[in-house]
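K.L.:
For reference, the chains in residue letters:
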Amino acid sequence: MKLSISIPAVLSELSTLRNEVTGFLGESLDDTDRGRVVLAIDEAVSNVITHGYNSDETKIIKIDMESYPDSFKFIITDTAPEYNPLESKSPDIDKYHDEGLDRGLGIDIIRRIMEVRYEKNPEGGNRLILIKEKINEKK
Amino acid sequence: MGEAILKITEKITDGVCIIELSGDIDAHTSPAFKDAIDKNISAGNTRIVFDFSGLNYISSAGIGVLNAALHAVKGKGGKMSIACANKVVYDTLDVMYFTRKMTVKSDINSSIAEVKAP
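Listed in order, the protein sequences are those of chains P and L. Counting the first sequence from 1 gives a position; the numbering used here is that position plus 654. Counting the second sequence from 1 gives a position; the numbering used here is that position plus 121.
Simulated from the structure, these hints should not be mistaken for laboratory data. Even glycine gets a Cβ: it sits at the ideal position worked out from N, Cα and C. Be a bit skeptical, because a hint or two may be false.
Unchecked claim - Below are the EDC-like pairs computed for lysine to aspartate or glutamate, each with C-alpha atoms no more than 16 Å apart in a straight line:
| hint | chain 1 | residue 1 | chain 2 | residue 2 |
| --- | --- | --- | --- | --- |
| 1 | L | Lys-197 | P | Glu-753 |
| 2 | P | Lys-713 | P | Glu-736 |
| 3 | L | Lys-222 | P | Asp-752 |
Unchecked claim - Over 12 Å on every C-beta distance to chain L, these chain P residues come out as not near it, computed from the model:
| hint | residue |
| --- | --- |
| 4 | Glu-681 |
| 5 | Ile-714 |
| 6 | Ala-734 |
Build the full structure now, drawing on both the sequences and the hints.
P.N.:
The following block contains the structure:
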């Protein structure tokens, strides 16, 4: 099963995105895993909107969703400046807490929830590929 | 399916500020959440309980707001507590390490007691 959606780079579109991802996942995962996948996609797209596109509402993000017998795959494609999140450092959690920081965990969370692959978009920009195995699939 | 809606209701009960959240806290709605907390801290309300019973979703943007607020509140000798998070919201708090910093109570009265304790 496959589904493709495109959204403008507007934070108010995140709710629609989460609804689409939740609907695509259906009942294949338990509540916790479904919530985590939705969170990871939301974090990834939020980063593109805020950092990649600097909230330029004329820009578009494409999200391809694919369901396989053993896994879900999400491909997030943008035309923002090249940025490979796999090259970012893991956050210092103690510093995050001690200094009361309000950002910096998003990429780490994505990497902890899903397998992450990065490719340059051949048309310029980025393709982030997020994979979740259906190891906790409901019986 | 429209944009995320976050409803914020605040009340002061026996010296404790109770902030009720209903809806989603994401990168779009987190500024309103931050404004509500900052307004209370500025007013000297540094014993704060968050009622999450109506909250469906929280992202790192919302947890960042909580983390910054906790730092500010502690700096003023205050306390914060979270009550009634659903399973998915609790899991997000846990995945983002926030349960290391704050316990999540199962009911409002336990959170009120926690922030009122010396």
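K.L.:
Each hint: holds or not?
P.N.:
Hints versus structure:
1. Lys-197(L) x Glu-753(P): Between Lys-197(L) and Glu-753(P) the Cα gap is close to 15 Å, so the pair holds against 16 Å.
2. Lys-713(P) x Glu-736(P): With a Cα-Cα distance of about 15 Å, the restraint between Lys-713(P) and Glu-736(P) holds, given a limit of 16 Å.
3. Lys-222(L) x Asp-752(P): holds (10 Å)
4. Glu-681: Glu-681(P) clear of chain L: closest Cβ-Cβ about 15 Å, beyond 12 Å.
5. Ile-714: Holds: least Cβ distance 17 Å, greater than 12 Å.
6. Ala-734: holds (16 Å)
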